[in-house]
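J.: Please take these sequences and the hints and turn them into a complete structure.
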Amino acid sequence: MNGSSRHPSNPLRKQAAAGSMRPPAARGPPRLQPTHPSLLSSPAPSLSARSRAGTVSPTNSRRGGGTKYPESPTKTYNEANINVVVRCRGRSEREKSENSAVVVSHPSTTEVALSLGPNASVENKLYTFDRTFGPEADQQRIYDSVVAPLLNEVLEGYNCTVFAYGQTGTGKTYTMTGDMSDQFGSYSDFAGIIPRVLYKLFEKLRGVEHGDKSVKISFIELYNEELRDLLCAENEPTSKNVKIFDAANGKGGVVVQGMEETYIQSATQGIELLKSGSHKRQVAATKCNELSSRSHTVFTITTSIKDQADDGEIFIRTAKLNLVDLAGSESIGRSGAADKRAREAGMINQSLLTLGRVINALVDKSSHIPYRESKLTRLLQDSLGGRTKTTIIATISPARINLEETMSTLDYASRAKDIQNKPQVNQMLNKKTVIAEFVADIERLKSALHASRLKNGIYLSQEEYNRLNESLELQKNEVEETKREEELLHSQISRLRENFENTMRDLLDTRTTLEDQILHLEQTRSVLKSTELDLSKTTKQLEEETILRKAHQKTEQELSIAGRDLISTARSTTTEIEGLRAKIGRMANTEVENHTIWMKNSTQVKQVTEFVEQATGEFTEEQEELAAKITERISGFVETESTEIQNAYDFIEERLEKFESARQEGDSSLEIGRDEMNNVLEEIKVLREDIKTRIGEGLKGLNNAAERMSNDVITDLGKFGVELRKYFDKFDEEFKQVVEDSQKHMKEQKAEIERLGKELTSATATASEATEKAQESLKTILVEERENSAKDRQNLIAQITTLINSNADEQDERLSKRVDGLQAEITATKTALDEASKTHQNGLDTWSEREESFYTSLCTAQETVRRILSEDWQAIEAHNSTIQTTTRSIHAQTISLVSDQNSNIATQMASLDSFVTRARSSNDSLHASNLEILSSLYSNGLETVSSFSSLIGRFKAELAAIEELSTLATEGVEGYATFREETKNRLRELREKIEGEPLKECLPTGVTPRKRKYAFPTMLPSTGSHEAVLAEALGQVQDRAPLGEKEVNSPRKSVQNADLTEEIAGMGKAFYPQHNQQGKKKTSQGGERGESNDGIVGSGAENQKVMGANLQGFGFGEKEMVGSRRTSLRKRKAEEGENQQQQLPGITTRRRIR
1 MNGSSRHPSN PLRKQAAAGS MRPPAARGPP RLQPTHPSLL SSPAPSLSAR
51 SRAGTVSPTN SRRGGGTKYP ESPTKTYNEA NINVVVRCRG RSEREKSENS
101 AVVVSHPSTT EVALSLGPNA SVENKLYTFD RTFGPEADQQ RIYDSVVAPL
151 LNEVLEGYNC TVFAYGQTGT GKTYTMTGDM SDQFGSYSDF AGIIPRVLYK
201 LFEKLRGVEH GDKSVKISFI ELYNEELRDL LCAENEPTSK NVKIFDAANG
251 KGGVVVQGME ETYIQSATQG IELLKSGSHK RQVAATKCNE LSSRSHTVFT
301 ITTSIKDQAD DGEIFIRTAK LNLVDLAGSE SIGRSGAADK RAREAGMINQ
351 SLLTLGRVIN ALVDKSSHIP YRESKLTRLL QDSLGGRTKT TIIATISPAR
401 INLEETMSTL DYASRAKDIQ NKPQVNQMLN KKTVIAEFVA DIERLKSALH
451 ASRLKNGIYL SQEEYNRLNE SLELQKNEVE ETKREEELLH SQISRLRENF
501 ENTMRDLLDT RTTLEDQILH LEQTRSVLKS TELDLSKTTK QLEEETILRK
551 AHQKTEQELS IAGRDLISTA RSTTTEIEGL RAKIGRMANT EVENHTIWMK
601 NSTQVKQVTE FVEQATGEFT EEQEELAAKI TERISGFVET ESTEIQNAYD
651 FIEERLEKFE SARQEGDSSL EIGRDEMNNV LEEIKVLRED IKTRIGEGLK
701 GLNNAAERMS NDVITDLGKF GVELRKYFDK FDEEFKQVVE DSQKHMKEQK
751 AEIERLGKEL TSATATASEA TEKAQESLKT ILVEERENSA KDRQNLIAQI
801 TTLINSNADE QDERLSKRVD GLQAEITATK TALDEASKTH QNGLDTWSER
851 EESFYTSLCT AQETVRRILS EDWQAIEAHN STIQTTTRSI HAQTISLVSD
901 QNSNIATQMA SLDSFVTRAR SSNDSLHASN LEILSSLYSN GLETVSSFSS
951 LIGRFKAELA AIEELSTLAT EGVEGYATFR EETKNRLREL REKIEGEPLK
1001 ECLPTGVTPR KRKYAFPTML PSTGSHEAVL AEALGQVQDR APLGEKEVNS
1051 PRKSVQNADL TEEIAGMGKA FYPQHNQQGK KKTSQGGERG ESNDGIVGSG
1101 AENQKVMGAN LQGFGFGEKE MVGSRRTSLR KRKAEEGENQ QQQLPGITTR
1151 RRIR
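Quick note: the sequence shown, position 1028, residue 1028 per the UniProt record's numbering, numbers continuous.
These aren't lab readings, by the way, just hints derived from the structure by calculation.
Fair warning: this is a prediction, and the values are worked out from it, not measured in the lab.
Below are the DSS-like pairs computed for lysine-lysine, each with C-alpha atoms no more than 30 Å apart in a straight line: (1) LYS280 - LYS243; (2) LYS280 - LYS375; (3) LYS483 - LYS365; (4) LYS422 - LYS365; (5) LYS306 - LYS204; (6) LYS483 - LYS243; (7) LYS275 - LYS243; (8) LYS446 - LYS431; (9) LYS600 - LYS583; (10) LYS96 - LYS125; (11) LYS600 - LYS984; (12) LYS537 - LYS550; (13) LYS431 - LYS204; (14) LYS583 - LYS700; (15) LYS306 - LYS431; (16) LYS1011 - LYS583; (17) LYS446 - LYS432; (18) LYS306 - LYS200; (19) LYS658 - LYS791; (20) LYS275 - LYS375; (21) LYS422 - LYS483; (22) LYS550 - LYS540; (23) LYS446 - LYS243; (24) LYS476 - LYS422; (25) LYS365 - LYS243; (26) LYS476 - LYS243; (27) LYS583 - LYS1013; (28) LYS200 - LYS422; (29) LYS1011 - LYS700.
Restraint-style ranges between C-beta atoms, simulated for each label pair: (30) THR643 - GLU689: 43 to 53 Å; (31) ALA113 - SER188: 28 to 38 Å; (32) THR109 - SER494: 43 to 53 Å.
We put the CB at the ideal spot given by N, CA and C, even for glycine.
T.: This is the structure we're talking about:
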C-alpha cells in the first residue's frame, strides 16, 4: 500500500454501523474434546452443522424467528477511541551496511519524532500516540503494556482485536508470533503475542472456580483476496468452501462459512496448531525481507465460561480475541518483486488502501463506509467502528532509507487513533435456550435429510444456488441504500417545511409593512400642503437675508484694511522684541553661571557642616534627650497640621456646594438675560474703552511689582551671602575654642558644645527667616496682583457674558429653524412621493432641484463669509500669539501673568467685535455655548477639589517624612574619634574657596531697543442693526465712523529676575538643586520654558495651532468647537490662579523639610 493512500484527509469523525467478525463453528466434529463434556458435549455436533448453514456466532441473536438470549446488565458503554501503539525496531544488518542514518527518536513514552533533514521545510515532525516503544523494548514489555489488559477484558465478556500494521520487514510477524518453541513447558523469551496469550489465558482459566470453561481457535488467511483455512487437514481444499456472508440478524455482523474451529485444552495444543497453520502461510523472499509474509492472517481465540446466577439459572459468557497479522506494505521498486510477487504486492497494497479509506471514512463520519471493497475490511468490520475493543500496533524502521514508508505508517496510525468504537459486553447465553436452539437445528436438518431421501422438494445446481445467493446479497444492498435514501428524503422534507414556515412569517410581516406605508403616504400628503405654504413665506425671508449678507460683506472689507495695518505694526514690534530676547538671554547666562558657583559652594558648605554636625553629635550622650524633645515637638506639629488640613478640606466641600448653587442661579440668569440684549449694544463701545484703560493700568502695576520683586530678591540674596560668610567665620572661631576647652575638662566641653549648638541653631534660623521673608514678600505681591486681575477679569467677563446672552433675535432664530426644517421635510417628502405617486414625479424633481440650488447657494455664501473672517482674524491672532509667546518667555510667574493679560485683551476685543458683528445670526449657538461653559466651570470646580485632595495627600506624605526625621533624631551615634585638625583644615579651605569665587554681573551692551510708540487702528467698523441695513437698502444711507488711530507705548524695558516660587529659574534653583540640570537644558534651548528653536516667533505649526484655537473660541471653527472645545476666559484664569496657589504651599513645605 502506498503512503499516499493512508494519509489522513479530514479531522471529522463519524461512527460507522456496528458489525462484528464472528467465525462460526468448525466444519466437522472437533478434533479435541472440550474440557467440560457436561457443557460442550452436545453442542459440538450442532456447531459444525450450523457453521455450514451460515448461522451467526453466539454473540448475536439467532435466527429471526428464534428467541433472544438474556442480555447482560450493562450492555452498552460510551464511545472509546482505538488504542494505537508504535514499535520501532533497531537497524538491520542491511541498513547498517548501507550506512543509513537513524531518523526516528522517542522524546517520551507517547511521542515519536522524525528528523526530516536540513533540506526539509520542517526539520522535525512529531507524532503522539497512546504508547511508543523503542528498539530496547522486548516481547514481554509489549505484551504487558498492550495485550495483558485486553485479555482481562476478554474474560469479562468483551470482544477484542489486536492487529499489527507496518512496512514489510519491520517486525509485524515477530511481534504477533515470534519464537513459538517450547522452553521447559512455557513460552520462549522471544515468543510473540499469540503464544503468550495462550499461556496466560489458560493460567487465568485455571483460576476460575465454579464453572466450566472451553477455548477454541480458528486460523484463516487472506491471500490475493481469497480466504484460506489454515487449520484444515492436508488433503482437504483450503479455500473452496470458505466464504463471507452478512449475518441474518441485520445487526451488521459477518459470518465466515466453512471456517474450522478447533477446541484446545492447553496452550501447547494451541501453539502446535499455530505452527501448523504458519507453515501453510504464503511467504516469499524479497529485497526487504527474506521471509516476507504475502498474506493477511486472522488468529481467533474464542472463550466460553459457564456462570450460575443466584437463582440457580446457568448462563454462558462468550468472548473473542482476534489477533491479526497484516501483510506489509511495500514499494515494488524497492522490494524487487516481479511477476507473481508483483501481483501479490499489488493485491496487498490494494487491501491496505481500502483499509485506509475505511479509516478515513470512519474518522470523517461519512454516511457510507466502504467495508465491501475488500475482504480484509469485511473481516475487520466489527473491529473498526463496531462493538469491539481494538488495538493497533504500528511497526516502523528507524533508517532513513525507509523514511517515506515510516511517515506513511505513522500518518495511518495517527489517523486511526481518531476512530471511535462502542464496546459492548456480549450477551449471556442461557443453557436451556442454547439447547432448545440446537434441538431446533437438529429437527431442521432431519427434515432436510428426509426431504432429500424422498426427493421431495426443490433441487438446485451449485451455479443456480450461487446465483440465488448473489441475488439475495444484492437485494440486501438495495434495501440498505433505500433506507439511506429514505432518511435523506425525511431530512429534505423537514428542511422544506421549515423554509415554508419562514416564508409565511415573512409574508405576514410584509403585509403589516404595506399597511404602515399606506398610512405614512396619507400623512406625507398633508405635510406637503403645509410645506407649500411655508415655502412662500421663506422666499420673502430669503430676500431680506440677501440684503443683510451684502452689508456684512462690506463690513468685512473694511475690517480687512484695518487688519493689514495691525499686521504691519506687529511686524515692526517683533523685530524689536528680538533685541529684548538677546538681553534676556545674557541675563539668563549670567544667572546660570552665578547659580553654578552658588551650588558648588553650597555643596561644599553642606559637606563641611554635615561633618561638623556628625562629629559634635558624637561628643555627648545628651543628644538623646534633645532628640526626644524634637520628636515631641514634631508630633505636635503633625497633629496641628493634620487638623488644619482636615478643616481646609471641609471648607473646600462647603465652597463646592455654594459653587453648585451659584451655577444653578447662573443658568437661570442666562435665560432671563436673553431678552435684554437689544438694549445694551451701545454700552459695549464704552465698555471697550474702559477695558483698555483698566487693563493698561494693571499691566503697568504688574511691571512695577516685578521690578520690586527682582530688587528685593537680589538684596535678600546678597544679605544672605554676607550673613552666611559671617556665620562660618564665627563658627570657625567658636569651634576652635570648643576643641581647646574639651582638652581641659569634660564638663566645660559639654557646656561649650551646648552653647555652640544654640548659636548654630540661631544662625540657621536667621538665614531661614531671611529667606522666608523674601519668599513671603514675593507671595504677597503675587497674590495681591492675581486677586486684582481676577476681579477685573471676572467683572469684565460677567458684563460681556450678560450682553452676549441678552442678544436674542427671535426672527433670525425662526428663520434658521424653518430653513433647516424645511430642507429636511422637503427631502423626506420627495422620497415618499417618488415611491407613492408617479404622476407628480416630474414636478417634484424640478421643485427639489430648485430648493437644492437655493440651499447650496446659501451654504456657499455662509462659508465665504466665514472664510474671509477667518483669514482676517488668523492674521490678527498670529500677531497676538507671537506677542503672547514672546512675553511668556521673559520669565515664569510675572511675565506669564503679563502675557495672559495681553492674550485676554486680544481675545476679549476680538470676541467682542465678532459677537457684535454676528450677534443676531448666532444668538442660539452662543447661548448654548455659555451654558456649556458654566457646566465646564462646575467640572473645573470638581477638578479643583481633586487637586486640593492631592495637595492634602502630599502634605500627609511630607508629614510622614517629618515623622521619619523624628525617628532618625532618636538614634544615637556610637564611637568617639579625634577630629580637631581635620575640621580646621576643612573650614579654612571652604572659606578660601568662597572668597576666591565672586558672583558675576550682567553688563549693559547698548543694543537693547528703547521705548517708543506704536500707531495702529483702535476702532473697528461694524455692521448696523438689521433694521438700519434694510432701510439703507431702500435708499436711506447712514454714514460710518472712520477708523481711528492710537499711539501705544512699547513694553517697558526692565531686568526680570527669577521668582522664588519657580523651581527651575532664579533663586529657586538654590533651594531646589534637583531641578538644576533641567533648568540648564531649557535655558540653552531658548532662554525660557516651552520656547521653540526658531526664537520668539516660534514655528509655523505652533502659530497655526494657536490661531486655530483662537478662531475656534470666536465661533469661526468647526461646529463641534462651539460646545466642546471653547473655553471661557473666566474658566482659564480661575484654573491658573488655583494652580499657582496650589504650588506655593507645596514649595514652602519642601523648604521646611530640607
